[in-house]
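The whole structure should be built from the sequences, with the hints applied where relevant.
Just so we're on the same page, this note's numbering is the position in the sequence shown counted from 1, plus 16.
Keep in mind the hints are simulated off the structure, nothing from the lab.
You may find that some hints are simply not true.
What the hints assert, rightly or not - What follows is a list of derived Cβ distance ranges for each label pair: (1) Q29 to R69: 15 to 25 Å; (2) N89 to S131: 19 to 29 Å; (3) K80 to P118: 21 to 31 Å; (4) T128 to N77: 32 to 42 Å; (5) L27 to G70: 32 to 42 Å; (6) S100 to P57: 13 to 23 Å; (7) P57 to R82: 31 to 41 Å.
Given the structure is predicted, the values throughout are model-derived calculations rather than measurements.
Using N, Cα and C, we set each Cβ at its ideal position, and we do this for glycine too.
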Amino acid sequence: QVRLVESGGGLVQPGGSLRLYCAASGILVSLSVLGWYRQAPGKQRELVASITRGGFTNYANSVKGRFTISRDNIKNTVYLQMNSLNAEDTAAYYCNQDPPVPGFWGQGTQVTVSS
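Laid out in structure tokens, this is it:
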């Protein structure tokens with residue numbers, strides 16, 4: 017059974033940073049194409065970053081240069097380092113395969129950027 021558990025969200029001031037964690041079980045992050053997604057109130061869920069089996073990364077234009085996706089194969093965990101956060105980054109963040117598998121969605125972790 018695949019389980020993806022997100023954590024690390026919270027309240028942060030504009031310009032601040034957060035690091036999100038996605039602990040995986042039932043799959044190996046080293047053999048999967050994984051992505052971080054986010055969904056803001058009233059908006060569709062969107063892919064913000066992904067990492068391939070070979071370690072190549074891709075980012076949405078809105079986060080390019082500010083967010084970094086990485087993984088630790090030993091810990092079987094995927095990370096999202098988020099810097100220079102702004103109010104538009106406020107959303108629930110989820111990890112999943114890319115493209116996403118419906119049954120793999122976790123509970124997500126909330127990121128709120130506010131002064």
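Do the hints match the structure? See the list:
no., hint, verdict
1, Q29 to R69: 15 to 25 Å, "36 Å, violated"
2, N89 to S131: 19 to 29 Å, "38 Å, violated"
3, K80 to P118: 21 to 31 Å, "27 Å, holds"
4, T128 to N77: 32 to 42 Å, "22 Å, violated"
5, L27 to G70: 32 to 42 Å, "35 Å, holds"
6, S100 to P57: 13 to 23 Å, "22 Å, holds"
7, P57 to R82: 31 to 41 Å, "21 Å, violated"
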